[in-house]
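Here is what each chain is made of, one letter per residue.
2 protein chains.
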Amino acid sequence: MTELPLNIEQVTIIGSGNVASFFAKFFHHNGLKVKSVLARSTEKGEALAKLVNATCLSSMPQFNENDLVLICVKDDAIASVSQTINGGLVCHTSGAQSINTLQNQNNFGVIYPFQSILVNSAVENINFPLFIEGNSNQTLNAISKFLKDIPAQIVTVTSDNRLKYHLSAVFANNFTNAMLLAAQKICNEHQLDFSYLQPLITQSIQQALSFGPKNSQTGPAKRQDIMTMNSHLQLLEKNEPLYELYKVMSEFINKEFNA
Amino acid sequence: MTELPLNIEQVTIIGSGNVASFFAKFFHHNGLKVKSVLARSTEKGEALAKLVNATCLSSMPQFNENDLVLICVKDDAIASVSQTINGGLVCHTSGAQSINTLQNQNNFGVIYPFQSILVNSAVENINFPLFIEGNSNQTLNAISKFLKDIPAQIVTVTSDNRLKYHLSAVFANNFTNAMLLAAQKICNEHQLDFSYLQPLITQSIQQALSFGPKNSQTGPAKRQDIMTMNSHLQLLEKNEPLYELYKVMSEFINKEFNA
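Protein chains in written order, with my numbering: chain A, -16 to 242; chain D, -16 to 242.
It should be emphasised that the hints constitute simulated quantities derived from the structure, not laboratory data. Just to be clear, a hint being listed does not mean it is correct.
It does not matter which identical chain is meant; a pair holds if it fits inside one copy or across any two.
[To be verified] Capping the alpha-carbon separation at 20 Å, the derived lysine to any residue pairs in SDA-like fashion look like this:
#	residue 1	residue 2
1	Lys57	Asp208
2	Lys205	Asn1
3	Lys238	Glu227
4	Lys197	Asn103
Work the whole structure out from these sequences, hints included.
Structure (structure tokens):
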């Protein structure tokens, strides 16, 4: 039996959080039809639907094969939401969940935005990739075709590799942000002006991206400047979490550069 | 006794590393006279001196009171270098060393560039602050006056606060860079394309600077998404340093957001 090609014509967004809001606005902005929004919070669902000229649903409809049903809910709710969906090409948007979380469906896949999506993330000038996956060539082709005119890089990535990309992003995004938070806490604690660090932070990232992080590492841990590290640790003595972070990070850097 | 004002007219740079090279070129670029360079490595000293139309010295001269002697050597060599210097206004350029490292001098101070200086760091369009300090109003005024036409923000900062700024910079620069290095190692280990992370990294920093790191934190540790964190830790099982980093960072984020 030859499979007929699927032709996605419209999207239903499940959810009303940051990712739901991003995809609804991103698709709408690029001329793809957002037909409906279904959310636990009627108020947020209606607000989002209104923004993109869509209908806000109060219950799960029967979907047709030209419907893309995009699940934008917390990772641990994806499987149970999928159990309530009938018909359509069903995709989730998670970095960490396998495509098989949706295996109760006939046609399913993944559209994962490789970016940290916040409230009001911009939908113009998107320069980050969308990692896609399909349970068959038919669904993968349908997803690709639906997204073909979208100004973003569409990359086919397996569930295994998507989880690994997600892990690397946790280091590159969540953990770098946490280091900036730690720097700001030190400034606040000592009444220093965090804004003086802005040029350092900007240049630090530019250098890491231009020359690679390996060539951009500087500082007392790399030099194994024990005197300076001890002065720093002394300042952190009353802040146990930052003291521990300082030690663990310095050991990591030492192993990378001096082992 | 009223102190006469000091008038710095020229600089001698001690050293030929990244910081020595930065200051020599930065001063020269902005029309301040670099008179001489003195370095352990004659070859590097001569190359740097030539770049800025200065003389390369082979031994320590007697300095006059219109000389700024700028020590750009490793932190643990500053005190011993200072012992060999006679006359002049002697400054070091370290973030972590107290001004009193130079207390064998009559006139001394600090000029610390609050930036990670690499080989060939640009000297045009400098937007980072220079933190200065003097052992007296006379020396502080002389340093300020000498730097007054330089296109950089000149900020008077005490030794105590300079060390605290330096500590915050270790988190904001060295440790964020180390997190990017970790992300790259994960990509390399699994044959993933690190360049896909570039938009994420750039946006992550922009968001942290625009909205503050506290408002920009996302990810499984903040959400306490145990399932995802366990999947990540499983991927890191064979890489003990990254496994430990992941745990410590996630605990730090959890404490900051969920305690």
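Legend entry - Intra- versus inter-subunit Cα pairing at 20 Å for lysine 57 with aspartate 208: between (44 Å within a copy, 9 Å between copies)
Inset, instruction - State whether the alpha carbon distance between lysine 205 and asparagine 1 is at most 20 Å within one copy, between copies, both, or neither. - result: between (39 Å within a copy, 15 Å between copies)
Inset, instruction - If the cutoff is 20 Å on CA atoms, where do lysine 197 and asparagine 103 land: within, between, both or neither? Let me know, please. - result: between (34 Å within a copy, 16 Å between copies)
Legend entry - Homomeric proximity label, lysine 238 with glutamate 227: Cα distance no greater than 20 Å: Classified as both; 17 Å inside a copy, 13 Å across copies.
The structure is consistent with each of the numbered hints, conforming to all of them.
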